[in-house]
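Novice: Respectively, the protein sequence lines represent chains Y and B.
In terms of numbering that gives the first Met the number 0, the first sequence is residues 0 to 246.
In terms of numbering that gives the first Met the number 0, the second sequence is residues 0 to 738.
Fair warning: there could be bad hints in the mix.
Claimed, not checked - From the structure, some residues in chain B lie toward chain Y, with a derived Cβ separation under 8 Å:
| no. | residue |
| --- | --- |
| 1 | Phe11 |
| 2 | Arg693 |
| 3 | Leu735 |
Quick caveat, the hints were computed from the structure, so don't treat them as lab data.
Backbone N, C-alpha and C define an ideal beta-carbon position, used for all residues, glycine too.
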Amino acid sequence: MVRLVFPEAREWRYIIEGLAAIVEEASFVATPEGLKLRALDPGRVAMVDLFMPPTVFEEYKVEAEAKIGVSFDDLVDVMKRAKSGDKLVMEVSGNRLTVTLAGKAERRFRLPLLDIAGQELPTPRLNFTVAAKMLSDTFRDALKDAELVAESVRLKAEDENLLMIARSDKGEVETRFSLSEGSLMEIDVKEPAEAIYGIDFLDKIVSKAYRVSDIVSLRFATNMPLELTFDVAGGGTLKYLLAPRVE
Amino acid sequence: MTEVLDVLSKYFGEEVARKLLDVLKIEKLYPTQEAAIKSGVLDGESIVLAAPTASGKTLIAVLAALRHLVSGGKALYLAPLRALAAEKYQEFREVFSPLGYKVALSTGDYDSSDPELGKYDVIITTNEKADSLLRHKAPWFSSISLVVADEIHVVGLEKRGAVLEMLLTRIRSSFPNVQLLGLSATVRNLEEIASWLGAKPVRVDWRPVKLREGVYYDGAIYFHDGGVKEVEPREGALVDLVLDTLEEGGQALVFSPTRRAAVSDARRVSAAARKFLSEREHRLLAAAAARILQSHSDKVSEELANLVKSGVAFHHAGLSSTSRSIVEQLFRERVLKVVVATPTLSAGVNLPAKRVVITDYRRYNVELGYHERISVMEYKQMAGRAGRPKYDLEGEAVLIARTAREVEFLMKEYVAASPERIFSQLGSEQVLRSQVLSLVATEDSIKDEKSLKSVFSRTLFSAQFSPLAAEAAVEKVTRWLLSTGFLERTGARIRATAVGKRVAELYIDPMTAHMGLEFFKSKKRCSTLSYLFLLASTPDMTTVSVRKEDIDKLEELLQSRGEELPSPPEDEVEYEWYLSRLKTALLLEDWINEVREDVIVERYDVGPGDIYSLTQTAEWVAYSLSQVAEVAGFPEHSANLSILSKRIKHGVREELLELVSLRGIGRVRARSLFNHGFKSLYDLVTASERDLARVPGIGPSLARAIKAQLQGGAEAGEEREVLEEASGQSQLDEYLYPH
Chain Y
0 MVRLVFPEAR EWRYIIEGLA AIVEEASFVA TPEGLKLRAL DPGRVAMVDL
50 FMPPTVFEEY KVEAEAKIGV SFDDLVDVMK RAKSGDKLVM EVSGNRLTVT
100 LAGKAERRFR LPLLDIAGQE LPTPRLNFTV AAKMLSDTFR DALKDAELVA
150 ESVRLKAEDE NLLMIARSDK GEVETRFSLS EGSLMEIDVK EPAEAIYGID
200 FLDKIVSKAY RVSDIVSLRF ATNMPLELTF DVAGGGTLKY LLAPRVE
Chain B
0 MTEVLDVLSK YFGEEVARKL LDVLKIEKLY PTQEAAIKSG VLDGESIVLA
50 APTASGKTLI AVLAALRHLV SGGKALYLAP LRALAAEKYQ EFREVFSPLG
100 YKVALSTGDY DSSDPELGKY DVIITTNEKA DSLLRHKAPW FSSISLVVAD
150 EIHVVGLEKR GAVLEMLLTR IRSSFPNVQL LGLSATVRNL EEIASWLGAK
200 PVRVDWRPVK LREGVYYDGA IYFHDGGVKE VEPREGALVD LVLDTLEEGG
250 QALVFSPTRR AAVSDARRVS AAARKFLSER EHRLLAAAAA RILQSHSDKV
300 SEELANLVKS GVAFHHAGLS STSRSIVEQL FRERVLKVVV ATPTLSAGVN
350 LPAKRVVITD YRRYNVELGY HERISVMEYK QMAGRAGRPK YDLEGEAVLI
400 ARTAREVEFL MKEYVAASPE RIFSQLGSEQ VLRSQVLSLV ATEDSIKDEK
450 SLKSVFSRTL FSAQFSPLAA EAAVEKVTRW LLSTGFLERT GARIRATAVG
500 KRVAELYIDP MTAHMGLEFF KSKKRCSTLS YLFLLASTPD MTTVSVRKED
550 IDKLEELLQS RGEELPSPPE DEVEYEWYLS RLKTALLLED WINEVREDVI
600 VERYDVGPGD IYSLTQTAEW VAYSLSQVAE VAGFPEHSAN LSILSKRIKH
650 GVREELLELV SLRGIGRVRA RSLFNHGFKS LYDLVTASER DLARVPGIGP
700 SLARAIKAQL QGGAEAGEER EVLEEASGQS QLDEYLYPH
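With the hints as constraints, model all of the structure from the sequences given.
Specialist: Below, the structure written as structure tokens:
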């Protein structure tokens, strides 16, 4: 038996949409320590890693570790029905997941559980040399600019600056984030770094996850994956890891 | 630079020459290339060029082809193996696409004339496929103006050699104006081969990297040039030789006589090799291992994945094609440090390494069941892989001797020896009966024994063994074809019967068809196993070998299902063959009854690559026999075999045949759909996309693709694959798996 109650269904909707940006189907793992989901996109370019501790839930009842395999297309459709002020109740019994949206009326959706095979993904251990923090919106805007000319962006960190450069025959767009102008909230450059990432993935991620958190933390290193972390209010993290493009 | 430009401008004009240099990225011509050009290869001269591997032969073919294309001609490129054809296709496309010419690769289906190939400027194919195209009278054949025969020395190989010999003979006599470019390893009788083809022999011994050959014994390599190199003794000859190379920053390519030896040798060097990996290499290898396991989860792939993590791999025909290409790519990128291969690799793939180690001068002949000596030519081919252009100053090829006496033997018989003469293999009856039937069935000019013999008088066989020998062999085979009803005679005139014509087109051994016909005549109805045993008994099939521990199980089966099979022969050797056919038939039966691949690997002691090649051949033989049955008036057998061939192709029970006709649906997913109530295409048409997506193994995107296919929609899946290939996007696996 698993029973989870989350106070604000709308917030869950954004988290689910953030997951659906990367995966089509995946399993949540409910354990006494919290609810987790770690999955790769089908092309194995990006990974999403969600962790929600019991404290963010109004009620968190997990008797034994349980796998909750879902189709995210379905789940997103259900979550779109959430109205402001709705509470979310998720229950697993047998091979069904019951999602209840409790507001003025109580609406109950039953989804079949999917049996999703696949090996467990390891916790990535990467040595990032750059860490930065900024408003999700700032990052999102910069991506929208870059998208006008190219399919990928080069992230470059040196001194106290972070640069996003997009280049193609159509032109060049460069955005500079810095502490002094206030576009960066924090930056720590252990070593200058530079790497290229596909805009399609960045955009998919950021255009959904910016609603989960106003602030995004970035970490990367030269020709290494980019980690984007969005903190969920009240605890919990929604993290992404994106493989670089290689020249 | 200006020098190459001058040379190329002379043939192609300055504008094209500049473009060409831009694409080719070369700065000067190799001596091999200069010699070929000097011999007139770009002036339309037919030549046979013998030169070491990696000495720039492909570029000569590229230039010769371009010479024909600019004046409206067409080039046909013949390779002895599919893997090689695919490799050349890549290389040619890279050069010719930017210049606006179209390159096609055609290696599959032997029962088609592929008329659409006519639209391409360069056609790359295997010898066998080209032979079958000639039999189907492919209409575009007459517009070919250049034929490149790569690895032309395979003319001397059993079975496959004769196909190439007849193919070239027929091309020469049917299209006398075609320019011929033969590319060969070093052979002793180059002049003889060239004169058979009416071409100029060109011999170049230049290599881009210096090669030192030697023999290792007891702590030292004795090189043929007189040098001696001490090798620190640590763990035995092989490991010491590999360590020595890795310490110098090189890679090692090891040849072992059998698959089993290749695996155990790889295991033996893995502990030593591991120490030479950088952190990045560890990561890349762990990711590659994960990729191997993702594609196949049988015992062979697991063993390979395990070794790959240590920077070592084995390579033999039992590997799945995914595994094979992962191994080849990693070795070329220098991430894998050691590859241990069976000698088949030396012919197939170009994987140069700083040091080549040959552990045994003998090789196990699976068909005959004993160790035979490798030829000098094979040795030279293996040794020639030593030395990587751009990375190594010189390459070393080392034979391992077990005794002091063997040092001298190996030095004299291999290192210092020159390669054997190449002999025609056309004397083999199996090849002759197929070729004679094909000539009579498809060449309008062949009307009687006399015209038939005149074609054979132009073969290498005739030149080497006297025209009389050729005539006698042709007569004997013709008699057999007449007696079996594939040919018929009226007066002096010989003609192929309806069945004979179809057999020639199907590209099977007439003996296979004959066995099929005898079987059809003797049996009205029969079980699937009897059909499978028939397939396994034909000369076109390969069979799996029987281990001691198999015998009890096979004999038990003979007790219980003996009535489905012909009675076993008395003769001991024949009996062994019988058992291996039975084992092969049982493997195929498991396959079409949807037994899991990893279980088959375990149960029959084969690799996933073996299952692939066995089922491919069996599908083709079953299809061909169903066609023969139809023409010969056995409709029921024809229908049964046709279904059987489809079941073999997909590895499924009959009830799934409808489902597997969809793209993206293999045996596993089809079974999953079926078990969830989607039993036919009709069920899929009426199902909602959402319901399909819920079936395990399907998921939303495949569900969408299925629906699109059923509505005759776009081939979305394939497009996506191409895009991903082009982007340079790396995968996360590389970074996720720490060592």
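Novice: Against this structure, judge whether each hint is valid.
Specialist: Against the structure, the hints:
no.: 1; hint: Phe11; in the structure: violated, 29 Å
no.: 2; hint: Arg693; in the structure: holds, 6 Å
no.: 3; hint: Leu735; in the structure: holds, 5 Å
Checked against the numbered hints above, the structure violates only hint 1.
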